[in-house]
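Colleague: The residues making up each chain are set out below.
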Amino acid sequence: MIRFLAPIIILAILVSFFFVGLYKDPSIVPSPLIGKSAPAYELPLLLKPGETLGTEKLLGQVYLLNIWGTWCFACRAEHDVLLEIERQNIVPIYGFNWKDDPHLARQWLAELGNPYVASMVDTVGRVGIDWGVYGAPETFLVDQNGIIIHKLIAPMSMQIWHEDFLPLIRQLKAVQR
Amino acid sequence: MIPELGLFALVLAFCLAIIQSFAGLAGAYWRKTEWLALVRPMASGQFVFAALSFGLLTWSFIVNDFSVEYVAFNSNTELPLFYRVAAVWAAHEGSLLLWILTLSVWTLGVAWANKDMPDVFRARILGVMGLINCGFMLFVMATSNPFTRLLPAALEGRDLNPLLQDPALAIHPPILYAGYVGLAVAFSFAVAALIEGKVTSNWARWLRPWTLLAWVFLTVGVALGSWWAYYELGWGGWWFWDPVENASFMPWLMATALIHSLAVTEKRGLFKSWTVLLAISGFSLSLLGTFLVRSGVLISVHAFASDPARGLFILIFLGLCIGIALGLYAWRAPALGSGGGFKVLSRESFLLFNNLMLVVAAGLILIGTLYPLFIDALEMGKISVGPPYFNLVFLIPTLPMVLLLGVGMHSTWKRARWEILWLRLKMPLLIAGTLALGISFAWGRPSILTFVAVFAGVWVILSALSEIRQRQKMGRNFFALPRSIIGMLVAHIGLGLFVLGVTVTSVFSIEKDLALRPGDVVELAGYQIKLESLRNIEGPNFDAVEGVVTIRRDGEVVTTLYPQKRVYRVQTSPMTEAGIDAGWTRDLFVALGDDLGNGSWSLRIQFKPLVRFIWLGALVMAFGGLLSISDPRYRKKRKAEAQAPELAAGATP
Numbered sequence: 811m812i813r814f815l816a817p818i819i820i821l822a823i824l825v826s827f828f829f830v831g832l833y834k835d836p837s838i839v840p841s842p843l844i845g846k847s848a849p850a851y852e853l854p855l856l857l858k859p860g861e862t863l864g865t866e867k868l869l870g871q872v873y874l875l876n877i878w879g880t881w882c883f884a885c886r887a888e889h890d891v892l893l894e895i896e897r898q899n900i901v902p903i904y905g906f907n908w909k910d911d912p913h914l915a916r917q918w919l920a921e922l923g924n925p926y927v928a929s930m931v932d933t934v935g936r937v938g939i940d941w942g943v944y945g946a947p948e949t950f951l952v953d954q955n956g957i958i959i960h961k962l963i964a965p966m967s968m969q970i971w972h973e974d975f976l977p978l979i980r981q982l983k984a985v986q987r
Numbered sequence: 013m014i015p016e017l018g019l020f021a022l023v024l025a026f027c028l029a030i031i032q033s034f035a036g037l038a039g040a041y042w043r044k045t046e047w048l049a050l051v052r053p054m055a056s057g058q059f060v061f062a063a064l065s066f067g068l069l070t071w072s073f074i075v076n077d078f079s080v081e082y083v084a085f086n087s088n089t090e091l092p093l094f095y096r097v098a099a100v101w102a103a104h105e106g107s108l109l110l111w112i113l114t115l116s117v118w119t120l121g122v123a124w125a126n127k128d129m130p131d132v133f134r135a136r137i138l139g140v141m142g143l144i145n146c147g148f149m150l151f152v153m154a155t156s157n158p159f160t161r162l163l164p165a166a167l168e169g170r171d172l173n174p175l176l177q178d179p180a181l182a183i184h185p186p187i188l189y190a191g192y193v194g195l196a197v198a199f200s201f202a203v204a205a206l207i208e209g210k211v212t213s214n215w216a217r218w219l220r221p222w223t224l225l226a227w228v229f230l231t232v233g234v235a236l237g238s239w240w241a242y243y244e245l246g247w248g249g250w251w252f253w254d255p256v257e258n259a260s261f262m263p264w265l266m267a268t269a270l271i272h273s274l275a276v277t278e279k280r281g282l283f284k285s286w287t288v289l290l291a292i293s294g295f296s297l298s299l300l301g302t303f304l305v306r307s308g309v310l311i312s313v314h315a316f317a318s319d320p321a322r323g324l325f326i327l328i329f330l331g332l333c334i335g336i337a338l339g340l341y342a343w344r345a346p347a348l349g350s351g352g353g354f355k356v357l358s359r360e361s362f363l364l365f366n367n368l369m370l371v372v373a374a375g376l377i378l379i380g381t382l383y384p385l386f387i388d389a390l391e392m393g394k395i396s397v398g399p400p401y402f403n404l405v406f407l408i409p410t411l412p413m414v415l416l417l418g419v420g421m422h423s424t425w426k427r428a429r430w431e432i433l434w435l436r437l438k439m440p441l442l443i444a445g446t447l448a449l450g451i452s453f454a455w456g457r458p459s460i461l462t463f464v465a466v467f468a469g470v471w472v473i474l475s476a477l478s479e480i481r482q483r484q485k486m487g488r489n490f491f492a493l494p495r496s497i498i499g500m501l502v503a504h505i506g507l508g509l510f511v512l513g514v515t516v517t518s519v520f521s522i523e524k525d526l527a528l529r530p531g532d533v534v535e536l537a538g539y540q541i542k543l544e545s546l547r548n549i550e551g552p553n554f555d556a557v558e559g560v561v562t563i564r565r566d567g568e569v570v571t572t573l574y575p576q577k578r579v580y581r582v583q584t585s586p587m588t589e590a591g592i593d594a595g596w597t598r599d600l601f602v603a604l605g606d607d608l609g610n611g612s613w614s615l616r617i618q619f620k621p622l623v624r625f626i627w628l629g630a631l632v633m634a635f636g637g638l639l640s641i642s643d644p645r646y647r648k649k650r651k652a653e654a655q656a657p658e659l660a661a662g663a664t665p
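Just so you know, the sequences run in chain order A and B.
To convert, take the position in the first sequence, counting from 1, and add 810; that gives this note's numbering.
To convert, take the position in the second sequence, counting from 1, and add 12; that gives this note's numbering.
Chain A with its partners taken away, still in its complex shape:
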């Protein structure tokens, strides 16, 4: 008998999981970091390994921090969009090269174009933990005071850029003035 009941039991389990999943948006990971200061760190730069950059040095400007890696399939999809955003010249984009081979990363930028003002290198992913990074690509919006305003866990698209990021950035810049 159990043999014939098994399918409906499996269905019941699946449906209850779906029900829970329905109210969880996979692209909005409630980041406890939003509204708080960006974690303090300093990391070497990808293209100028002698220099470092970090939260403190970036204070005073509104910027995007984009988590990327050459191993990441969606990052390639996102890359063109980042280049387009860079062309619009509204906010600087800083790259955060996460758990990647710096050699491949440099090659990637040389071939596909470099939308970043600079890319920091976090080969082992230690600083990534502080940022609550759970997968690439992710994009953070950080304000003049180093406060994390917004976090996107998905490839950036022009639509998301126009609908979610630009209004926030305009507000931030209005406050600045």
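No lab work stands behind these hints: they were computed from the structure.
It is possible that some hints are incorrect.
DSBU-like, lysine-lysine: derived pairs with alpha carbons at most 30 Å apart [to be verified]:
#1 B/K524 - B/K542
#2 B/K648 - A/K858
#3 B/K648 - B/K279
#4 A/K846 - A/K909
#5 B/K426 - B/K355
#6 A/K909 - B/K524
Fit chain B to the supplied structure of chain A, relying on the hints for placement.
Modeller: Same frame as chain A, but now just chain B:
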């Protein structure tokens, strides 16, 4: 006025579907002949009004009626006519309407084909199909009305998603939907059989061509999607194990299993409850795919409409639909019984093995697709499952299956003999082994997996061919063979081609990402590839930079490719149009990347041997399916059900 008429037609279709379901199910239960007589006309009427509704939405697109919100969001006056029509199913609302229309076409088919089907049974099937379509129409009317007005009207539309502005992708959804929805026929057959409490050989014979047809559509649909991803996404990959791709692939695997299990049920009266379960699961996975794509519970590159309210509706619908079917299954299946036994070495065993492996493969893909969701729901964090998982776990069940397929084809029902199998298969075995050794060493990177996979591909093809030879030896002309047999052999040859294509492409492809200036030449796999120049061109609704790339071999020009980088004006999104020189033995693939400054551009150049075999194999499989459907046996009118070999209708008490 036109859009309001469209909605009105949909409401009418809904009313007719309700009558169809009620008359069908209640009429069969209380044996009311006059009710039963209503079912077919209602099915025809439902089709007419669904088609009218769909036609009116299409009309709104053709005349650029931007006072309709859905049109304003998905079209534009600059969009060519062909894409304005294809834009009808470009987003959620319209694609659901397409779904409804497709289901009403299948309903129409079931209503008027299979002349020897008893009226009561037909009424039950149509009753179930009507209920399914009611659910979808209610869904559209309640949450996703494509005819909603936008006041004041927009002056210009937002344009069709540029990714979808492509001929293959424009026809991809209707074909894929035809397959998805076609599985509803099998589902309804299964539910109707459970209501009656019996599964007969005739039941399987009526259902086989419908399932085959749905499977053919699924095969072509999935292959088209993969082909599109190959040349449009710009990476040269052909399968990404994306949730939406998986959503289309799992029903395909189930439909494949169902086709094989139906053969056993028809010929031998075995696997009855299993066949019924497969018929239910195939459509269930289609519904699940719809839920996954539409609800936004999973992230996908394809997801374009997600909304929790819609998700909840589909989830309730899915739960009810599948729940009732599986409830009936738990109640009635134990009584279906199975007559007759078979030896371990027999065609039945091989088909059972095939079924198990296909279901295991679908199950593993389902787990991989849903795993992030489970982990998230259990508050264990967020993760994603990538191609390495799928590539590995998919091979575990499918490789043995393909290897045993050759033996299975040559086995006889009930009991096969090793001696005969060996006699027939030793030549294919030898040739496939030699070829596989040769090919895997020829490119200098031999591995066991390459050897086994090449062997499997060649082996399947040769054993299918050897089956034809055997039959000829027995004095039968190839064309005198039953079409269902020819179809089966052709489809298996297609599978072999597919396996070969996949293996050779994934092992022997060469790819390079380069920065080139006009005039630069690079070498790849014996070809000299030169970026001649770059130029700006203007399309109907996009601007593009086009590279002129000539490809030479030993100084002779082989071809000139024109890869493009497009920016669509309205949505300002960049798109890659790869330049591809297609050939039987290899593709040369050039995709234009980005302007790197100082006059150089990034290019991705790939050499992909036998990549065409992937889609060719799929098309050959689909063609085999069509051949099988054309077997007159499926249309031959058998006399009354009682005279047909009644296979244990509730035989076990």
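Colleague: Of all the hints numbered above, which does this structure not satisfy? Sort the numbers upward.
Modeller: When the structure is compared with the hints, only number 2 turns out to be violated.
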